[in-house]
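Visitor: Just so you know, the protein sequences line up as chains X and U, in that order. In terms of our numbering, the first sequence opens at residue 49 and continues consecutively. In terms of our numbering, the second sequence opens at residue 15 and continues consecutively.
Bear in mind the hints are in silico, worked out from the structure with no lab data behind them. Be careful, since some hints might not be right.
[Stated by the list, open to error] Within a straight-line C-alpha distance of at most 20 angstroms, the following computed SDA-like cross-link-like pairs (lysine to any residue) qualify:
#1 X/K90 / U/N84
#2 U/K118 / X/T113
#3 U/K55 / X/S57
#4 U/K118 / X/S57
#5 X/K90 / U/K118
#6 U/K56 / U/A16
#7 X/K106 / X/E127
[Claimed, not checked] Derived, one-sided and incomplete: chain U residues facing chain X with beta-carbon distance under 8 angstroms:
#8 S19
#9 F53
#10 T63
#11 L119
#12 V129
#13 L130
Quick reminder that beta carbons are idealized off the backbone N, C-alpha and C, glycines included.
Residue-level listing of the chains:
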Amino acid sequence: GENVEQHPSTLSVQEGDSAVIKCTYSDSASNYFPWYKQELGKRPQLIIDIRSNVGEKKDQRIAVTLNKTAKHFSLHITETQPEDSAVYFCAASKQAGTALIFGKGTTLSVSS
Amino acid sequence: GAVVSQHPSRVICKSGTSVKIECRSLDFQATTMFWYRQFPKKSLMLMATSNEGSKATYEQGVEKDKFLINHASLTLSTLTVTSAHPEDSSFYICSARDRQPNEKLFFGSGTQLSVL
């Protein structure tokens, strides 16, 4: 089955800096890659997603890149703010709407 | 976006009792729902896939007799933790996808189960 690896497990940045979180997946049949932000005790919130027919997608300060050949995808957050502090999860599935397999999460801390 | 409601948000029970968690899609019909379990500061682990009108598909290592899943309608799936023990204490969260092919999964708000 699918296995998703995520790095780093923790990331501390200064406000205004950029943050990058990387994930790799094992199943070449996976073609949908969402990123979720989860605050303590809350549900995961989708922040951005990408399909395998696209190499990059951007939404304001957030961008995701995908390298299908290497089977890795990354989340980029620019101009970080303290409210960006949370746990971020990458995930993969064989098609949008099917079960997601999650990475282990990255705890992002943005200090002002 | 679509709304998935999950209840209760928190439950404390004695060891040996059973606990039922409900997951409802409020404004769409969900043919498939997924149940995840999350330990503190850990990732979401897929437990089972719940299909309306048929038996749930459990992931390897998840006891189907321990975690009973029922998906009786297009808007409701339930997870019952039977004969709960302290090791079952965890954050349980459901997610649902629309009946029509939909790009995104929607998550419930989660249930924090504490077994004494």
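Visitor: Taking the hints in turn, state whether each one holds.
Guide: Evaluated hints:
no., hint, verdict
1, X/K90 / U/N84, "violated (24 angstroms)"
2, U/K118 / X/T113, "holds (18 angstroms)"
3, U/K55 / X/S57, "holds (10 angstroms)"
4, U/K118 / X/S57, "violated (25 angstroms)"
5, X/K90 / U/K118, "holds (18 angstroms)"
6, U/K56 / U/A16, "violated (26 angstroms)"
7, X/K106 / X/E127, "holds (14 angstroms)"
8, S19, "violated (11 angstroms)"
9, F53, "violated (11 angstroms)"
10, T63, "holds (6 angstroms)"
11, L119, "holds (6 angstroms)"
12, V129, "violated (18 angstroms)"
13, L130, "violated (20 angstroms)"
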